[in-house]
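Participant: Residue numbers (my numbering), protein chains in the order written: chain A, 658 to 1114; chain B, 658 to 1114.
For the record, the hints were derived by calculation from the structure and aren't laboratory data. Any given hint could be a false lead.
No copy labels: a pair is met if it fits in one copy or bridges any two.
As the list claims (entries may be wrong) - Distance condition first, Cα-Cα at most 20 Å in a straight line; then the derived EDC-like pairs of lysine to aspartate or glutamate:
1. K1060 with D868
2. K748 with D728
3. K1058 with D811
4. K732 with D865
5. K989 with E855
6. K749 with E739
7. K876 with D728
8. K686 with E674
9. K1060 with E773
10. K794 with D1005
11. K829 with E899
12. K749 with D728
13. K942 with D967
14. K1045 with D683
15. K711 with D865
Number of protein chains: 2
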Amino acid sequence: MSNTSTPKGTRDFGAIEMLRRNYIFDTIKEVFRKYGYLQIETPAQELLSTLLGKYGDEGDRLLFRILNSGDFLSKVEDEELEKRDLANITKKIAEKGLRYDLTVPFARYVVQHRNEIQLPFKRFQIQPVWRADRPQKGRYREFVQCDADAVGTDSLLLEMELVEMSEEVFRKLGIRVAFLVNNRKILAGIAEVIGTPERLTELTVAMDKLDKIGEKGVKDELSSRGFSESEIVLFEPFLRMESQNNETILATLSQLLSSSAVGMEGVEELRTILALLPPDNEEMKVIVSPSLARGLSYYTGTIMEIKALDATIGSISGGGRYDNLTGIFGVKGLSGVGISYGADRIYDVMEQLNLFPPALNSTAEILVVNFGMEEIKALLPLVRSLRKNGRKVIVYPDAAKMKKQLSYADALRIPYVIMAGTEELKMGSVTLKDMNTGDQDEVPQERLLELFPSKER
Amino acid sequence: MSNTSTPKGTRDFGAIEMLRRNYIFDTIKEVFRKYGYLQIETPAQELLSTLLGKYGDEGDRLLFRILNSGDFLSKVEDEELEKRDLANITKKIAEKGLRYDLTVPFARYVVQHRNEIQLPFKRFQIQPVWRADRPQKGRYREFVQCDADAVGTDSLLLEMELVEMSEEVFRKLGIRVAFLVNNRKILAGIAEVIGTPERLTELTVAMDKLDKIGEKGVKDELSSRGFSESEIVLFEPFLRMESQNNETILATLSQLLSSSAVGMEGVEELRTILALLPPDNEEMKVIVSPSLARGLSYYTGTIMEIKALDATIGSISGGGRYDNLTGIFGVKGLSGVGISYGADRIYDVMEQLNLFPPALNSTAEILVVNFGMEEIKALLPLVRSLRKNGRKVIVYPDAAKMKKQLSYADALRIPYVIMAGTEELKMGSVTLKDMNTGDQDEVPQERLLELFPSKER
C-alpha cells in the first residue's frame, strides 16, 4: 500500500472534530457579525512581494513558497546554478507564497480595494494560514486564525468593543477568561522616564518576562544588557505594580509618568476604555498589566491578551492598536485595531475542560434499518417527511445483518433507530429504538413525525 | 505604492460576496447533513506522491508545487543543474503540492483512516482546490468544490439519494435544473453490441459530442477514426433516442442491448433508480441520456450531470459511481458514488438569474449615529440590549458629520439608523430612521427593543 499520510505538521479533521470546530467558528462568526464586523476572504496564495519582509527574517524563512509553473529555471543564470546561489535562485523560481497570517493580506486588501470599501472598515476573516515551522504538539504547519480588525478610526470605542466582543465569544463557548491590557505609550513613557527612550524595545522585552523570571530576573537581564544601576532603580517601581487593582495601578502610573506626555496619554486611553466597558459585569475580568508587551512591533497603542483561567495553555488570543497598518504598502495614516483568536488553542482548551455540548458527538439523529429494497421503498415517504422536518436521517443502504446495522448506529452515536418489517409496514407503524436507553416502541408513522417535529428555518 | 494585486487567477471576496457565498454553502451543507453526509476536511497540502499520476499528464502539469524549505538544492546533483534537468530537479526540490480536487484527498483519507471510519461512509467536503490553469473569465486558479461521496456500498439507494438531495439543494437555491443520467455499463453494452468492446472510450468520446455536433457529426468522427460502415450502422439507433421519454428510451435500450449482459445491467440499474425516486415530483426533471459520457475514466456505473435550465452556463454539477476509488492507494474493492458542485458556477447562475435573497445585500441591521463620546456612552446599554437580541449593530466610532455617518449607512445598505442627542437621551428615547423610506420617528428605548425583538438561538 502506498504512503497515505498527510505532509508533516498537517492533519485531517474527521466528522466529530468538524462538528466541534464549526461550533467554535459559528459562535465566533455570530458574535463578530453582531458587532458589525463583515466577513471577507483572501486567496491562499499571495505574491511573495506582498509577504516578504513583513514578518522579519524568521518569518521570511518560514514562508511556504510555490514553485513557478512551466520552465521554472528559465530566468536563472548558469552561474547562479553553478554556485547554488539559493537566495537568487529562490527569487527567480518562486513568485508566490502561502498566506502566513491574516494581517498582511488584510492590509493588502484595504489598499487594493480602497476605492470600494467604506472607512471605518470593520472586517473579520477566518481562514487557514501556513508556516513551515518545526511541528510540535499543538503547533501545526496549517492552522486557522480568526481575526477581527477595524481600520480608519482611532476611536477607543473599538478597543472597548474588542474586549466586550471577546468576552461574549468566550462566555458563549464556556471558557472563563481574563483580559490583560496595557498600552505601548505607557511602555514608551517608562523608557522616557528612566532616560532611555531609544532602548524601548530592550526594556519591553525584559519587562514582558516578569511573570516568568520575576523582578530579580528582569533586573539581572537589564543589567547584563548594560542598563546602569540608576536606570534600574528608576525602573523598579514599574515592576511592582502587578496584582494591584486597576485604579491603583493607573493612579501609580499617572504619578510615575507625570513627566512623560506620551506615557500620560497611554494611561488616559486605558482609563477611557475601562470607563466604557459595561459597569456591572463582574465576569469581565480586565486586568491592567504594565509589563504586557506583546511581540509584534507594529502595535502603537492599546495591547491586549486573553488568557483562559482554567487551562494551563495560557494566552488564547491577542491584539491591539496599530497606527500604520497599510504603510507597508505605501498608504499612510490608517489607524486600526484588531484581535486574533487561535482556533486550535481554543479547541484544546474546550477539550481539556470538557466544554463541547454533548449534541456535538452525534453525526445524525436517526438511522433507518434496511430489511430489503421493498421495505425501504415503503419507508421512503416517511424518510422524506422526516428530512422535510429538518432531521438528519441515514438510511442504511444495504440489507445487512441487524447486528451490523445497529452497531453502525452505535459507532456513529446516532441516538434513534427506526425499524420496520412487513408487519409494521402493513400497520403503518415503525419500531423506534432509543439507542441510549435501549427502549423500543412500536409507533404509528404520523406519531413519529410528531416525535420529530419540524425544525426547518 | 507597491503592487497590491492578488496572484493571477485568484481573487478577494468582499462582504456582500461572502454573504452570498455563505448562503450557497450553508444551503448545501444543511441538505448534505439531512442525508447523513458528514463533513470532513483535509489539509491544503498533500504529498506529491499522493497527487501525481492521478489526474493524467495534464493534471500533473497543473499541480501547484511547494518548494522544500531550507537548502532545497541539497539533494540535486551538479549534473542535473548543469543539464537543467527539470523533471528530476522538480522531484527533488518540491515534495508537496496543493490539493487539485477533493476526490483524491478523500480516497487518501479513507485509506489512512480505514480503522476509524465506519463503512458505508458518507462524507462531504467543501474546500478550495488549486490548479495552475490558464485563467479565463469564470475560471480561477483557486476555487471551491462541494463534494458528497458515499463509499463502501453498491446500493442504488445512494444514486437515488444524490439526485433527490441535489434536487433539494437547487430547489432551495431557486435554480431550476434537469438531471441527465446514464450508466457506463450501457455505454459498454453499446460497444459490445456493435462489436468493438475494446474501443469503448473512442465511442463514448464521440457520442458525448452528440448535442454539439449532431448525429452526422458523430458518425463522421467515428468514420474518420476508422470505424467501419457496418459498425456505424449498428450504432445509429443509439444516436436517435434523445428527447424520447425515459420509458421509451429504456425499452429501446433493452431491445438493442438484449445480447449484452453488461448493457442490460446498466438499463436495470437506471430503472431501479428511477423507480426509487419520489413518484409525484414533477419538478424533478430526470432525463435518461444514453449519449452522456462524462470525462473521468474512473466512473463504472451510473453517471449524472445537472444542468441549470434557465442559464446558458450549462452543467453545474456532475457525479457518478466508481468501483475502485481507493485502488490507487492499494486498497481494492471499495465501491462508491459521489457528486460535485462548483460553487463559482452556482454563484454565477444565481447572479445571472437574480436569485439571491435581498437580505443578503445588507451587512448590518442598525447603525448608531455618534454625536460624541458622552451620548454614545449613554446609548451603550441600548446597543448591548439590541445585540443581546441577536441584532447586528454598528456604532459609528467617531463624532463625524451627520451627513457622513448617514452616507456610511447608505453605502453599507444598513436599513435602520438610530440617532439620539441630549434631548432624546433625557427622554429615554431615540430617533429611528428607516433608510429605505426616509421616515423617522422618535421612539422610547423600550419600544425599540420590541421593534427589534430577540432572534437569538
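Participant: A separate judgement is required for each hint: does it hold in the structure or not?
Facilitator: Here's how the hints hold up against the structure:
no. : hint            : result
1   : K1060 with D868 : neither (58 Å within a copy, 49 Å between copies)
2   : K748 with D728  : both (14 Å within a copy, 14 Å between copies)
3   : K1058 with D811 : between (67 Å within a copy, 16 Å between copies)
4   : K732 with D865  : neither (46 Å within a copy, 42 Å between copies)
5   : K989 with E855  : neither (23 Å within a copy, 68 Å between copies)
6   : K749 with E739  : both (15 Å within a copy, 17 Å between copies)
7   : K876 with D728  : neither (57 Å within a copy, 40 Å between copies)
8   : K686 with E674  : both (18 Å within a copy, 16 Å between copies)
9   : K1060 with E773 : between (60 Å within a copy, 19 Å between copies)
10  : K794 with D1005 : within (11 Å within a copy, 43 Å between copies)
11  : K829 with E899  : neither (29 Å within a copy, 57 Å between copies)
12  : K749 with D728  : both (11 Å within a copy, 15 Å between copies)
13  : K942 with D967  : within (13 Å within a copy, 57 Å between copies)
14  : K1045 with D683 : between (24 Å within a copy, 16 Å between copies)
15  : K711 with D865  : neither (23 Å within a copy, 51 Å between copies)
The structure is inconsistent with the numbered hints 1, 4, 5, 7, 11, 15, although it conforms to all the rest.
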